[in-house]
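Protein chains in written order, with the working numbering: chain A, 1 to 416; chain B, 1 to 326; chain C, 1 to 297.
For the record, the hints were derived by calculation from the structure and aren't laboratory data. Remember, predicted model here, so these are calculated numbers, not experimental data. Glycine included, every Cβ here is placed at the ideal spot set by N, Cα and C. Do not take every clue at face value.
[Claimed, not checked] Rough simulated footprint, nothing fancy, chain A against chain B, three-plus residues with beta-carbon under 8 Å:
no., region
1, 57-70
2, 148-157
3, 260-267
[Said to hold, decoys possible] Far from chain A by the CB rule (all over 10 Å, computed), these chain B residues:
no., residue
4, K23
5, K25
6, F78
7, R84
8, V89
9, G90
10, V126
11, A140
12, V161
13, K211
14, I242
15, A291
Now for the letters of each chain:
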Amino acid sequence: MLGAGLLPLALAGCGSDPTISEDPDELVLWFWDRSASRDLLEQASQEIPGTDRHLRADVIGTSFDTKLRTSLAGDAYIPDITYINSNNALYFTNEDLFLDLSELGADSVKDDYYEWKWNLGTTPTGRFCFFPLDIGPTGYFYRQDIFEEAGLPSTPAEVSAAITTWEDWIALGTELKGAADAFLVNDALNVFEEFLNASPERFFDTDDKALYLRPDSAVRQAWDTSVAAVEAGVTAKIPRERDTDRNAAWASGRTAGNIGAAWWAQVLQQSAPDTAGAWRLASQPVRPGNSGGSFAALPHTCKDPEAALAFITWINSPENQAAAYQDESLFPSTPASFEDLTYSGDFYGDQDPLAFFSTAAESVPSSFISNAETFIMGKFVLELSNVETSGKDSEAAWNDAIGQAERVLLKRGVFS
Amino acid sequence: MSTAIPTRPRDALTPADPTAKRKRKIREVLPLYLAISPFYLLFAVFGLFPILFSIVLSFMDWDGMGEMSFVGLAQYKFLLTDGRFWNSVGNTFIIWFLSTIPMLFFAMVIAFLLHQNIRFTKFYRVAFFLPNVTSMVAMAIVFGSVFSDTFGLVNSALTAVGLDAVPWLSSPWGIKITIAVMVIWRFTGYNAIIYLAGLQSISTDLYDAAKVDGANLSQVFFRVTVPMMRPIILFTVITSTIGGLSLFTEPQVLLGDSGGAGEAGMTIVLYQYNQAFTQFDFGYGSAIAWALFLIAAIFAIINWRLVSGRGDDTVRRAVRTKEARG
Amino acid sequence: MTALKPAAPKSTADAHRPNAHYVARGRLVAVVTHLCVITGVLLSIFPFYWLIVMSTSTTGEIFGYPPKLTVGSSFAENVRSVVSSVDLLQALVNTIIVSTASAALVMFFDSLAAFAFAKFDFPGKKPLFILLIATMLVPGSLSLVPSFILMSELGWVGTLQALIVPGAANAFGIFLLRQMAAGSIPDELVESARIDGAGFFTTYWRVGVPLLRGGLAFLGIFTFITAWNDYVWPLIVLVDPERQTLQTALQNLNSLYLTDYGMVMAGALISVVPLIGVFIIGSRHFIANIAAGAIKG
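All chains, please: the whole structure from these sequences, using the hints.
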């Protein structure tokens, strides 16, 4: 009875006051710990520069998306500003729940940011809803000591020159395995994902037309490259979810590398401190990609969009992103930030990872990530792991992946 | 069975006055409804709406925040032919089977031993309770390290005694066994504590009688403890069935949202979670949830029949036997 | 069926005969028993010990290879990190309120209902009980959105009662206590209370509660633990930074890229220790032979 009575309410999304704070001058931000500089948040909690509002920053831990989506679905207790992870495409189908920042004048700072990152914040209909925070340009992390012992090219310049194509990279891996019994990477998925992250073309175009079904598609090339790596035996076959195993493999040197983003430099340094000085960075085969990096968005219920945008542009200005890099190692999405930054540390020997990744960031291609990718990525990941761990025939696996993908896309209304 | 309002004596005493009798009847029954009402009221207020919502949802296409659209039976039709769903059903049952029987058996043995007034009982009780509170994040790391293929303690031990290493976390059976071990580890103590709480209520007279009859420890266990504990065993069997069929935390902690290599550790609820909270397909998630409800209901009924059977009679007879002799 | 029959023919003299062999065998049984129990204990304690090791280590030590199994030296530092990022005291107070209130309400409401179901008859009992069991099978995780909407309509978002009230009586506990009552509360006691003129609530208090002591202790402990460890629902429904539970506060230690595992483990350990205390206090009520004493009395 009660349920039946409430159901229409739920569907109409009728709530009381949809924002969190009752204080009219207070804007609430949801973010993750370490995704913003504490000093800057502290400043904004006094007053957001250029406005007469102040900020309340609430840390949300794991299950961030669940909390945000529940609030938006219930149309109640919605933050005025929210951070969103690199999976912002998830929100494309509900983009009307977020404000178009271009309409609010965000374009005036557009030139300060990497163009490819700005594009990632734009929805397929051309609305700019997701403002750039940090980025994750990628490179190939490797153990110089193990490469050297194996008699392979070992300086960053040598390795970069030796792996300009994926074929060369796999060939180098075969030698590494023969000479040092070590693997290039922990799993084939690392290859598949980073190949795509560095590709201008992904699964779909902006009209959600499937590109991956074409015989020469980027997805097919990423698949073939990953399968070739498996067949050459250069992956350690330790999948993503087994953190402990992966860390043990890197720490022990059994796996001598990883294709990772700028933020992984810090992760590695923290989880494998004993390997300090042994790691180096080489350019990813073909070109660098982008993995991770977050956005800021303004829900449609935002109390004061102008002040909220003022906060976002202020905290992401080149100077402040440089500060955030120093405080929390967030890799800046504004090239100008690097003018103020210098790297000190010897985890990567005499190599400067800051310089390495800021150079890489220049060459990341623009690409489009469709929401529909979320529906089918898992099928490719599963089938790739079947090829890798249980020796499934790669052609059969590919066909199963696209078969399952088609079923799901029909169900979700992407295909008709 | 438990029909303790013995209306007979009172009927015999009270003259046949229908209205007085009815009034008395209402006066007797009213407190009983009052006693059980909190659960049903709370359920009506907080439980019913979400349930109706999720039933409606299973006929909708919904991503968890935007517009809903009605799709009729499409979600259920998809489910019937969804290989990943049926794989998860198979996995769930295999893991349930591998874990529940050893878990309940060990729990009963532990409870029985702890009930024997052996020394350090209090310490043992705390020790067996610890798995229930050890944080799951820590568990992920511990089990990941212990069962790691290349670097794990178990495989190191196996190779040290000349056996082959087992690919615990990358083969279909290894994954299922590891999850089952985790379940057994986490819930044996929990069930043992339920049994212990139940054992305390068995009259020691029964044990004395059995000892006087010269029964040894295992005879006491199988002829006194088990029959007297039948209602509680039924409870643990039903709750472990429900818990086992909704197994989620262990595989998720151990293998992540994907269920591990080849989805060998993908359980029904993990798949449901996957669909609803990582694929944001709430309509399909609801359909899976209701399919599970159906499976669990059938399974619970079968279990109930198997375990309860003539259970209550047995207890009654045991008590009567004892009383006749005592 | 044949509960005690096979034992019955033996004469009582048999068991009373003093026998050195019997004593020796008793000792052997005791040793074997202890060995089994100790093996189980070690297996149970080991991961908890590892949690202690991890909470005293740095992230690098936690993921080091080979794994380190001795207690480290970073505990103070890890705890300091936790304390500086989380308002532990406030979260602790909130969590204690929620867990204690939940446990008290569940113990009271569930035992009342269980006693009624186990020992009395009333029209509609069977269907009502089946409905109760059926609610245990109902899938829960999808109810986040409707429950949130409900709380928002009630104006309960951000309040602690949103965590306490919906679960104040649960099917699990009623089922458990009903099973315990069915086996352990003799009908004779209920009957004699009735003959003395006691009503339902008096009988519940004088006969039901004392005999259900062990079951109530169990239910109380585990309701407390469940409320203490609950995470997703508190995350959704609590919106004020100053009104968080321990779990929602500790989960905030996980960040997007870089998680300090030493700190996370120290937080986990801090949140577990009070539960062990609650268990020790609660488990004192697992005392044998109350039923027998009650019958005789």
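How the hints compare with the structure:
1. A stretch counts as covered by a chain when three or more of its residues have a beta carbon under 8 Å from one of that chain; for the region 57-70 of chain B and chain A the count is 6, and the coverage holds.
2. A stretch counts as covered by a chain when three or more of its residues have a beta carbon under 8 Å from one of that chain; for the region 148-157 of chain B and chain A the count is 4, and the coverage holds.
3. With a threshold of 8 Å between beta carbons, the proposed coverage of the region 260-267 of chain B by chain A holds, since 4 of its residues qualify and at least three are required.
4. Remark: the non-interface label on K23 (chain B) is consistent with the geometry, its nearest Cβ contact in chain A lying 30 Å away (cut-off 10 Å).
5. Annotated as non-interface, K25 (chain B) keeps its C-beta farther than 10 Å from every C-beta of chain A; the closest such distance is 28 Å.
6. The claim that F78 (chain B) is not at the interface with chain A is violated, since a C-beta of that chain comes within 10 Å of its own (minimum 6 Å).
7. With a closest Cβ-Cβ approach of about 8 Å to chain A, R84 (chain B) is found to fall inside the 10 Å limit, against its non-interface label.
8. Non-interface call for V89 (chain B) relative to chain A: holds, since the shortest CB-CB distance, roughly 17 Å, exceeds 10 Å.
9. At the 10 Å boundary, the C-beta of G90 (chain B) stays outside the reach of chain A, the nearest C-beta of that chain being 16 Å off.
10. Every Cβ of chain A is farther than 10 Å from the Cβ of V126 (chain B); the closest lies at roughly 28 Å, confirming the non-interface assignment.
11. Distance check on A140 (chain B): its Cβ comes as close as 8 Å (rounded) to a Cβ of chain A, failing to clear the 10 Å threshold; non-interface status is violated.
12. Remark: the non-interface label on V161 (chain B) is consistent with the geometry, its nearest Cβ contact in chain A lying 22 Å away (cut-off 10 Å).
13. The non-interface label for K211 (chain B) is consistent with chain A: the shortest C-beta to C-beta separation is roughly 50 Å, beyond 10 Å.
14. Separation of I242 (chain B) from chain A is adequate, the least Cβ-Cβ distance of about 23 Å exceeding the 10 Å criterion.
15. Distance check for A291 (chain B) against chain A: the nearest CB is about 16 Å away, which clears 10 Å, and the non-interface claim stands.
Against the hints set out earlier in the document, violations occur for numbers 6, 7, 11.
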